[in-house]
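Colleague: We have chain A already, so just place chain B on it with the hints.
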Amino acid sequence: MSQTSSPRASPLRKEASIRHVRRAARTLGPAASPNLEGSAADTPSTTASDRAPRPMRSQSTIGEEAAMYPAGGDSNSMRRSTISLGSLQPSLAGRPGSISSSSNSSSRRASGVFGDDGTASGDTLRCPICGVMAPSLFALNMHLDDTHFAGEGGGMERARPAGGLEAEGIQTRYASQDDLEEVKGAILGFFRGAGKAVRGLSGAAQTMPMSAATSNHNSESPAADVGGGEVWRAGERDGADRDMVTRTHWQQQRAGMRCGLAGCGITLTPQTGMVNCRSCGRLMCGQHCSWRMRLSPTAQAAGPGRGVACRVCEECHARTIGSTAGQTRSHMRGFAHMRRKAVSSATLEGTRLEKRLEKLALVHGTPGLTGAHGRALQEAEQAVVAWEDDADVADCPFCAKAFGRVASRRHHCRLCGRVVCGRAGCSALLGVPLPVPGGQGFSASHRADIRACRTCEGVIIRHRDRLARAAPQASALIRLYTQVRTAMALVEETLPTFNALATRLRNHAAAPDLPRAARIRRQLTAAFNGMDHASKCIAALPADDATSKRLHNAIRRTVSQYLQLHMFPLTMLPKPARRPHSLLQPDSSPRAPTPLRVQTAPGTANGSEAAGSPAGSLPLSTSTFSADGQKHVAARGSTSDNASAESSTANEISSPLRDITAAADSHAEGQNTDGSGGTKATLATGLTRGVSGAATGIASSLLSYVVAAKPKADNDAAARHDELVQQALASDPGKEQRIAAMSSHEKMSSLDVLRDQRQRVLGYISEAQKERRLEDAMSLQASLGDLDVELSLIERSL
Amino acid sequence: MDALKAAQHYINRIVTDTSGMKVLLLDRETTPIISLVSTQSHLLSKEVYLVDRIDNVQRDTMRHLKCLCFLRPTDSSIQALVDELRSPKYGDYYIYFSNILKKSMIELLAENDESEVVQELQEFYADFYAPTPCLFHIGLTPATHPLFAEGHSWNPGALSRTVQGLSALLLSLKKRPNIRYERNSAMAQKLGRELEYLMNHESNLFGANTGDKTQLYILDRKNDPVTPLLTHWTYHAMLHELIGINNGRIDLSYLPDIRPEVKEVMLSQDQDSFFKQSQYLNFGDLGVSVKEFVDTYQSKSSSHHKIDSISDMKRFVEAYPEFRKLSGNVTKHVTLIGELSRIVGSRHLLAVSELEQSLACNEQHNTDLKALRALIADPSIQPENKVRCVVLYALRYERAQSNALHDLKQQLLSSGVDADLVSTVDVVLRYSGLRERQSDIFQNENIFSRGRNMFKGLQGTENVYTQHTPALAEMLEQLLRGRQGLHWQERLPNLDPQARPPTIGNESGIFNQDIIVFVVGGVTMDEEKAVASLNARFGSQNVRIMLGGTSIHNSHTFLNELSTTFI
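Line by line, the protein sequences give chains A and B.
For the first sequence, UniProt numbering begins at 1 and goes up steadily by one.
For the second sequence, UniProt numbering begins at 1 and goes up steadily by one.
Don't take every hint at face value.
What the hints assert, rightly or not - Restraint-style ranges between C-beta atoms, simulated for each label pair:
1) Pro383(B) to Thr267(A): 32 to 42 Å
2) Ile258(B) to Ile478(A): 41 to 51 Å
3) Thr267(A) to Val288(B): 26 to 36 Å
4) Glu493(A) to Arg86(B): 33 to 43 Å
5) Pro260(B) to Lys549(A): 20 to 30 Å
6) Val288(B) to Ala540(A): 50 to 60 Å
7) Pro379(B) to Lys549(A): 50 to 60 Å
8) Lys213(B) to Thr503(A): 23 to 33 Å
9) Ile478(A) to Ser273(B): 52 to 62 Å
Said to hold, decoys possible - With a straight-line Cα cutoff of 30 Å, these simulated DSBU-like cross-link-like pairs (lysine-lysine) come out:
10) Lys5(B) to Lys536(A)
11) Lys549(A) to Lys5(B)
12) Lys213(B) to Lys5(B)
13) Lys263(B) to Lys341(A)
14) Lys549(A) to Lys263(B)
15) Lys549(A) to Lys213(B)
16) Lys213(B) to Lys355(A)
Please keep in mind that the hints were generated in silico from the structure rather than gathered at the bench.
Yeah, the Cβ is synthetic: ideal placement off N, Cα and C, and Gly gets one too.
Next up, chain A with everything else stripped away, as it sits in the complex (with noise of 0.2 Å):
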């Protein structure tokens, strides 16, 4: 049962009640609160109403609460009332003891139309002198009418057992089947009215789903149980939204909870309060919980004018108040409306012109005519459009300069036939094609000057302007850009996914995506190298002009700057890590006691080990030497499949990344040039020069580990830019002394090697010439020269 008797239904009633109630509870107090806990929570089913907390907090509030309550929110309980109204009957009639359940599922029945009874009646009240639970704020009034003040009788009722004292209360009220019959009348009369008064504001209360408000009831008795006061003054301050909006999302409450909102966290207790942000549902300090926003009975942000108010967090209502910003108005249909009279008569005036040009080239065309530049031709070309007589201007209507004799000479337009004059401004000879004698169509080389005034001349030209728009083009430009940004598509939608997958496979070292996160990875290498190798061409393409130029360069600072930001914490994940080494292991370690090695790495399990995983925190030199052990390994591998292929996934990332190393040089030497500036620029040239060479020591790193074709001549390139580096590899004291413990026929051996190497190199860097990467040769030149000097020095030992 589930009757509320808004403030509207019985003023006068609930004015008497509310003193009551507060004269009850002034000589209850306190005692009122503790009921409460028990009987929330055995009220899920019974048709409780929801002014459940009312008793229980101060009696002052109580008046205010009923006062405040708009008929908006109420609206939903009046209506129902009046079809539930009729199962009140068989109820209060007898079986006191089951009274709440009984009706419930009746009342259920007779409001089949709402499809719910606990929607709004989220709680019971209970009556504060007795304890007894009413289903309504109305039962409730009628109870203490008749129990606490109607006399005698009520008295003696007092001392009932709560269960079927409501009922039995409201029974004795309605003695006789009379009595009960005319106010139910009565009641019915006001509620029918009241009803169609409101039938407008309930729409969205009746959309509410079943499974919301079922859910909904039952999740109202936990937050009933903490009886943080803040809670229900939370409550009474939205008023209506308690009906209204659903709550299955709320956070329960704990203790020591902390606020949810990022940045706040403050333990959650009464004095900072602990309210349910509406919207979001998770539970916030006071402070962080105080907006305002209109939510739909779905808890989502409604539109102005509809929802109803609800109490919303910070972080809900600064995205709401974000995603809705900003008025616009388009005016594009008024606007293309009033377009199409200019274009059809743009487009008219446009073939009408044409099809005299065609004439006139037909009239030139003729043999007869085009030799005689006499009377014939020009009666030909009057016979297309009649001309303008002379005498009748004076200027020309362009320049408004007057016509003369000889200087400024009287021309017609061919076109149209007026009269301008010849300067560059107001008239101008169009060249039209001649048509082929004798054939069809129009010669390509023979073409007649045919005059044309400036403004037939801007028709002709925007009439083919507009012919030649509606063609397709297509550039290389267009072409290459299409590249890019398909790639750039591939990454946006596969990146998430490799993130996720990343982040997961750190986390558990041996998952079964690895594989999977290997393809995916595969493909974004390949897709930023495409879209790099595409910007490339794009920058490298012939500018007509300089906006051409501009634009392309644009293109490719564009790519660069978003793969800097994409591409490079994805080489930074671990995953390449864990495949050269599962890749190369068995591939390189049975190589590993090499003679080589045992030279140019001196930690051999060392190097192995850095070159394979690269996480290690082994010193740059061993890594960069360990490289050319691997190198060595590689080349000297008959079945390298593995490691090249390895090989030529990271040199796609290599290849741009050198780029970024060397846009970083460029800068770097920027900040030289200008060495000025006292310390401040001291400080920040020696930071950015450090910056600059440590970011070609990771190209050199990074490429370390890539094995195939080049990777040694760019350490030293790197190298070369780099002092910490070239200090490690030049002064690496070691060297000399290793030379010298070698025994001879270790030098030898590896004596053969290195010229070997260097053999290498030099093919590398004869390739590199002839494919005009000049950067690389020279690096690679450097790293020849490092060749040589060991050579040499083993060589003084031997």
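Modeller: For chain B alone, coordinates are given in the frame of chain A:
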């Protein structure tokens, strides 16, 4: 309520609604509006590869580009667009106007779009400058839009531009406010009327006048001439006062041996977290803050120097772009703060500021006069600063019996201050003398406020240079706390007499109030700071305040603007 976000929202829509290679065409006024809220790299990332001016006739034809136009609906921009449409240089055109278009303009454009290149024609109301989230201005300068016609009345051009700017802001925030204006200001009332008319006229844009509790207070600078005359000591305000910020840019090229990358620096809250943190710090705290900043940077850079292992490198590569940005940022702020402290030292601003604050806050005529005479006699003080102090003196002691203004002016002249400069004293008095003001900003007009002032003086202040609070901040605080409601109702009446007196706050203790304050005659950065701190304090009660003005003043531009009219 975030002016910056509102503008950015529009710009983002412009660049993201269309995909493909794009060129962005702007006009004279939209260029600074966009550059204040967006960056080149952001535009690049949204496929806008070229940015150009629509009135640049030397643009090359590039049919494969789509053209975005963001223009103000001025006659010159419309004409330039018509020329462009008659011989279109790009593929498709997507045209966005920053304000309400006239029907005739649409017709003119439609007649000239014979090639049917226009794909979109919209109004996106980003027609205001938004340097910080709670500040906007219309960008009126004496050169482009002189504010006053004669005396306290609008120059028509400035009025229409201000109405456009303010209405655009309201549209971008989707607000239809209740307008209140300062009773003694004809200009404020006129602006309110025009705005009201526009809102009624374009009611489908502004929405019905229901349920919006936004308040728009239109104030007049003449009621508080003191704030723009003082030396301010917070970072942002100092930069504007001492070096000058022009649309988020600071020009440092006047410095000898300045390094090229800091010749012109950008200040933006979005891009620059250090600036965001420290823009409201006073000069002392700023020193500490920048030192910490440099320390963090140095520790980072030293950790970057030490790159021994591959994992170090990985870390470095990940942080590298970030790090480069940081290094540029450090240089920028160190340069700026270095320059500020040089100026403060060389112009003896601490001494000047002490006297200014005393003149602005405390009623002690004889002491002030003595200090002022000493200041004028000091040859190391800049003439402008001397004049500013004399102006403050003239404003405070205008009715004082022993007013020695005449002597002071003589003394200024004899100490070699330019006569034109000295005449600004009278200019300010004419603009904002006691006769023109309605508020008792010096609290010396009657016995009650004198008493209050005394009491305030007794309390003492911790910082002698920051005693003064802008009148605007005091007004807002009183309004928010619900104090002196009637007094403010009297001084700040509703434009619409039928409107209910606004209630700030409700019975449940949750405020729900958006306040837009617009100052005719320009705002100062100091007031922006006050509003930002009010926002921080009352934000949790759902109070959001936004400050706007016809321009952002420092003392120099303020006196300049007045000198053009009130001479």
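Colleague: Each of the hints needs a verdict: does it hold here or not?
Modeller: Here's how the hints hold up against the structure:
1. Pro383(B) to Thr267(A): 32 to 42 Å: 60 Å Cβ-Cβ, so the 32 to 42 Å window is violated.
2. Ile258(B) to Ile478(A): 41 to 51 Å: For Ile258(B) and Ile478(A) the Cβ distance comes to about 43 Å; the hint holds.
3. Thr267(A) to Val288(B): 26 to 36 Å: holds, 32 Å
4. Glu493(A) to Arg86(B): 33 to 43 Å: holds, 42 Å
5. Pro260(B) to Lys549(A): 20 to 30 Å: Given a distance of about 23 Å, which is inside 20 to 30 Å, the answer is holds.
6. Val288(B) to Ala540(A): 50 to 60 Å: With a Cβ separation near 51 Å, Val288(B) and Ala540(A) satisfy 50 to 60 Å, so the hint holds.
7. Pro379(B) to Lys549(A): 50 to 60 Å: Holds: the Cβ-Cβ distance is about 56 Å, inside 50 to 60 Å.
8. Lys213(B) to Thr503(A): 23 to 33 Å: Since the Cβ atoms of Lys213(B) and Thr503(A) sit about 46 Å apart, the hinted range of 23 to 33 Å is violated.
9. Ile478(A) to Ser273(B): 52 to 62 Å: The hint (52 to 62 Å, Cβ to Cβ) is violated, given that Ile478(A) and Ser273(B) are roughly 40 Å apart.
10. Lys5(B) to Lys536(A): violated, 35 Å
11. Lys549(A) to Lys5(B): Violated, because 33 Å separates the two Cα atoms, which is more than 30 Å.
12. Lys213(B) to Lys5(B): Measuring from Cα to Cα gives roughly 21 Å; hence the hint holds.
13. Lys263(B) to Lys341(A): Measuring from Cα to Cα gives roughly 53 Å; hence the hint is violated.
14. Lys549(A) to Lys263(B): Holds. Lys549(A) to Lys263(B) sits at ~26 Å (cutoff 30 Å).
15. Lys549(A) to Lys213(B): Status violated; Cα separation ~53 Å.
16. Lys213(B) to Lys355(A): Not satisfied, since the Cα-Cα distance of roughly 65 Å exceeds 30 Å.
In terms of the numbered hints stated before, the structure departs from hints 1, 8, 9, 10, 11, 13, 15 and 16, listed from lowest to highest.
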